[in-house]
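Note that the UniProt record's numbering has the sequence shown beginning at 1, numbered continuously upward.
In case anyone wonders, no lab produced these hints; they're calculated from the structure.
Source: prediction; values computed, not measured.
Built from N, CA and C at the ideal position, the CB exists for glycine as well.
A portion of the hints provided could be inaccurate.
[As the list claims (entries may be wrong)] Computed Cβ-Cβ distance ranges for the label pairs, DEER-style:
| hint | residue 1 | residue 2 | range |
| --- | --- | --- | --- |
| 1 | I47 | G121 | 33 to 39 Å |
| 2 | S260 | R75 | 48 to 54 Å |
| 3 | R19 | Q176 | 43 to 49 Å |
| 4 | L56 | L291 | 42 to 48 Å |
[Claimed, not checked] Derived EDC-like pairs (lysine to aspartate or glutamate); straight-line CA-CA distance at most 16 Å:
| hint | residue 1 | residue 2 |
| --- | --- | --- |
| 5 | K137 | E163 |
| 6 | K118 | E167 |
| 7 | K235 | D251 |
| 8 | K61 | E27 |
| 9 | K59 | E21 |
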Amino acid sequence: MALVNTKWYYASIHPEFARNEVFGYNENAEKLDLTLGDDGLPSDLPIFNEFKSMLLNSKRKFFNLTFDGSLYVYRVFPIFKNLADYIVSVHINNLARHTDMLLDAILDCDKLEQLEFKGVGDLTYGNTTRQQILSLKRIYFEGANLTDFCFNNIMRCAPNLEELGFENCNILIWHQAIRRFYPNYKDSKKKQTFNSLDIFSYVNIVNYLETAKNIKTLRLGNNYHIFLNLPIHIKLVSLELNFKNLCFTRDYAKVGDKLSTMSTLEYLDLIHFPCCVLASCVPKLCNLKRLNAHYFLCGYQDECFSKVL
1 MALVNTKWYY ASIHPEFARN EVFGYNENAE KLDLTLGDDG LPSDLPIFNE
51 FKSMLLNSKR KFFNLTFDGS LYVYRVFPIF KNLADYIVSV HINNLARHTD
101 MLLDAILDCD KLEQLEFKGV GDLTYGNTTR QQILSLKRIY FEGANLTDFC
151 FNNIMRCAPN LEELGFENCN ILIWHQAIRR FYPNYKDSKK KQTFNSLDIF
201 SYVNIVNYLE TAKNIKTLRL GNNYHIFLNL PIHIKLVSLE LNFKNLCFTR
251 DYAKVGDKLS TMSTLEYLDL IHFPCCVLAS CVPKLCNLKR LNAHYFLCGY
301 QDECFSKVL
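Input sequences plus hints: build the corresponding full structure.
Below you can see the structure in the form of structure tokens.
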């Protein structure tokens, strides 16, 4: 067994394996009776210390790191500092508050390719100029408590971003509510700076996409409003949309018309989308290689199936 473990260890260092290997820390693995310090935080995290030691002593050249919880935050900086040249992806899960210090530590990793936030309660950043990471190609938010200001801060750090995704992020879509925070906002197509510390609006995302040059993949979840207002210059290769919360039936036709114009699409994932609208737009997507559609049927399902196929 020792020989097998040794052989596997050295084999796993190969880049083909290392790029897909994920190292994760979950605070739930720590004992519940940890001694608390004066600041109310545990004075010691034995499992995290072992995790950190393992990373710092590793010979690997690629690291995909996942951190789950809030207890580790002020102990994680040595990892980012010492492994900055080898970290290719960072996944932050279930963090109560994400601050400047943690973001700056992550952005020291100049080889970073992927950044993901899941279940982050509060992203709080100052108005400072941060270094850009040219290799950062993918950013994904799920259940993150974002604001327009925080979103803009993160996006400025990734000038070559190719993939952007959102899921359950409480994105404000109602124009009347948006105007309360941006009194001069009249039209979603009008140029304006969106920098609120109180809301995360879909118009700010569209505003960012207006200037984004390299976006190829959008994972929009149920945020179809963003899709309907996508700038013309964006040539998507992959798109993911969920229409479970679609408010108005007439919007299906708008989505179908918009989809019909996206001839560069190669991969399309649609959830809860009517079959009849699917039949009208898919035949026009001449470069489509994969369609993953979880749809609901309309009155003429037989005719719709034949058109799609």
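How the hints compare with the structure:
no., hint, in the structure
1, I47 x G121: 33 to 39 Å, "23 Å, violated"
2, S260 x R75: 48 to 54 Å, "52 Å, holds"
3, R19 x Q176: 43 to 49 Å, "47 Å, holds"
4, L56 x L291: 42 to 48 Å, "45 Å, holds"
5, K137 x E163, "6 Å, holds"
6, K118 x E167, "9 Å, holds"
7, K235 x D251, "22 Å, violated"
8, K61 x E27, "25 Å, violated"
9, K59 x E21, "14 Å, holds"
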